[in-house]
Amino acid sequence: MTPKKELLFLALGGSGEIGMNVNLYGCEGKWVMVDCGITFADPAYPGVDLILPDLSFIEERADDLLGIVLTHGHEDHIGALPYLAADLGVPLYATPFTAGLIRGKLDEEGVSDQIKLHVIDREHGQFHLGPFGFEYVPLAHSIPEGNALIIETPYGRVFHTGDWKLDEEPLLGTPSTAAELEEIGDKGVLALVCDSTNVFNEEASGSEAAVREGLDGVIAEATGRVLVTTFASNAARLQTLGQVARDTGRQICVAGRSLDRILKVARSVGYLRDFPEPIDFDAAMALPPREVLIVATGGQGEARAALGRIAFDQHPIKLDAGDLVVFSSKQIPGNEIAIGRIQNALAAKNIRMITDRQAHVHVSGHPGRPELALMYKWIRPEIILPVHGERRHMAEQARFAESLGVPRSVVQENGTMLRLAPNGPAVLGQERAGRLIVDGDVILPADGSTINERRRIAAFGQMSVAVALDASGRVKDSAVRLQGVPVEEDKDDFVAEACDAAEDAARKGGKDEDKLREAIRLAVRRKAVEWTGKKPVVDVMILRV
Numbered sequence: 001m002t003p004k005k006e007l008l009f010l011a012l013g014g015s016g017e018i019g020m021n022v023n024l025y026g027c028e029g030k031w032v033m034v035d036c037g038i039t040f041a042d043p044a045y046p047g048v049d050l051i052l053p054d055l056s057f058i059e060e061r062a063d064d065l066l067g068i069v070l071t072h073g074h075e076d077h078i079g080a081l082p083y084l085a086a087d088l089g090v091p092l093y094a095t096p097f098t099a100g101l102i103r104g105k106l107d108e109e110g111v112s113d114q115i116k117l118h119v120i121d122r123e124h125g126q127f128h129l130g131p132f133g134f135e136y137v138p139l140a141h142s143i144p145e146g147n148a149l150i151i152e153t154p155y156g157r158v159f160h161t162g163d164w165k166l167d168e169e170p171l172l173g174t175p176s177t178a179a180e181l182e183e184i185g186d187k188g189v190l191a192l193v194c195d196s197t198n199v200f201n202e203e204a205s206g207s208e209a210a211v212r213e214g215l216d217g218v219i220a221e222a223t224g225r226v227l228v229t230t231f232a233s234n235a236a237r238l239q240t241l242g243q244v245a246r247d248t249g250r251q252i253c254v255a256g257r258s259l260d261r262i263l264k265v266a267r268s269v270g271y272l273r274d275f276p277e278p279i280d281f282d283a284a285m286a287l288p289p290r291e292v293l294i295v296a297t298g299g300q301g302e303a304r305a306a307l308g309r310i311a312f313d314q315h316p317i318k319l320d321a322g323d324l325v326v327f328s329s330k331q332i333p334g335n336e337i338a339i340g341r342i343q344n345a346l347a348a349k350n351i352r353m354i355t356d357r358q359a360h361v362h363v364s365g366h367p368g369r370p371e372l373a374l375m376y377k378w379i380r381p382e383i384i385l386p387v388h389g390e391r392r393h394m395a396e397q398a399r400f401a402e403s404l405g406v407p408r409s410v411v412q413e414n415g416t417m418l419r420l421a422p423n424g425p426a427v428l429g430q431e432r433a434g435r436l437i438v439d440g441d442v443i444l445p446a447d448g449s450t451i452n453e454r455r456r457i458a459a460f461g462q463m464s465v466a467v468a469l470d471a472s473g474r475v476k477d478s479a480v481r482l483q484g485v486p487v488e489e490d491k492d493d494f495v496a497e498a499c500d501a502a503e504d505a506a507r508k509g510g511k512d513e514d515k516l517r518e519a520i521r522l523a524v525r526r527k528a529v530e531w532t533g534k535k536p537v538v539d540v541m542i543l544r545v
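Going by this note's numbering, the sequence shown opens with residue 1, and the numbers climb by one from there.
Simulated pairs of lysine-lysine, BS3-like, Cα-Cα distance not exceeding 30 Å: (1) 30 / 187; (2) 187 / 377; (3) 534 / 515; (4) 491 / 534.
Pair by pair, the computed Cβ-Cβ distance ranges are: (5) 216 / 399: 37 to 45 Å; (6) 118 / 320: 49 to 57 Å; (7) 314 / 511: 50 to 58 Å; (8) 274 / 213: 14 to 22 Å; (9) 247 / 426: 49 to 57 Å; (10) 390 / 359: 23 to 31 Å; (11) 107 / 530: 54 to 62 Å; (12) 488 / 514: 30 to 38 Å.
Simulated from the structure, these hints should not be mistaken for lab results.
By construction, the Cβ of each residue, glycine as well, lies at the ideal position given by its N, Cα and C atoms.
Whole structure, please, built from the sequences with the hints as guidance.
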């Protein structure tokens, strides 16, 4: 579809899910993309860490794509760029801190020379792309330079919030004031495209300044080493922890490459300049325990992150009985098992733990209902278009906005083509929107043959069968190898029966090699079902000797 004299909206990620945000706006034959993020794989994708959006729709229209505009530097908004941006062949636009994070990612992937990255002023920076005008509007979030976008088009203005919250005492950056946001509303806003993550929260998210008080109280009482784990990208929390280290008389140690990267980029563009100089691991372990504060990645249970390695004694940092681990982050749904595994390992060492359920050690970077209500009051959109949430979040935000006087709403999903103006909102149809996986160094369809085969093997196990036949087709020998088939102590007996089944099938199978192979496969699988109740993947090789 090519946009005509109209304003179109199409989400390719982040609508119907939390993460992997990709939003397209179309107008007068051209498209722009806002954000291009990833999500992290769950156990449904064995062996996979990262999931990318399927951008087939816009790849087929790449000649009409003008650029990618980034709201802020979280992985679910910029993480797909190193994998997908070069193929799109368009420039990127971001404010300085976000641009610094992107540049590091492009360098790591070796594609920096293939992608043009424009750095836009962090204070209401403006630029034009074809029929679109853009202006960055600073909003509070848990990372520096969280921004909304005013998108000017011939058919109306869009206020695209990105991720945001209200914070009366922000630690990094200067968010727009209520008066500035009201002024945007005074000029007229066609559509508010808005973060839905915390729409069920009856209370506002709260200020980062209050977290400092909570952490001060918890850490001041600790007599041993203290480790605080938080999202690496939460630079505001890093600022807080630097202050807490001073407040409690502790030196700070940073464990995690992503934390090192955030600190480096933040300092390069003027943030975290007063963050204490971190000590190294050896110095941290040499200090009296009550004089060290460790900041570590891994609060979501990531096995290879610093906290996971510390919990299982695979890291230079060691924790002992009586030490304290503070989870200064929200538990992301789906990570409960992974987090529980690490917490159980810490508990086995008699290490104390505190989460946001026991003390005020975390605030969200997304708006609760009171904050959403204020945004509706200030912006006064004609249409509310919820994004960045599961279907239940977006549907609830639409209901909430309408209850507070927003005239129209539309609840869409990834792939829903919407016309916002004229005569909108209107659903025009459904376009392709799916997922890709990063599997090692290869990008594949998330539900393609490779991952489906891996799921089958993970669920049922695998058997390899080799049958040797002489020139006249007589069976000379056979062998069976197993992986993940639940026979345990009876393995030798099972293998013997599987070989007998393979040989019997080979004797009766005839001369057509494909039919012979299938007969052997079915015979061996039947034997596996008889023994285990499982239907493993069976691969057959016929050898002529």
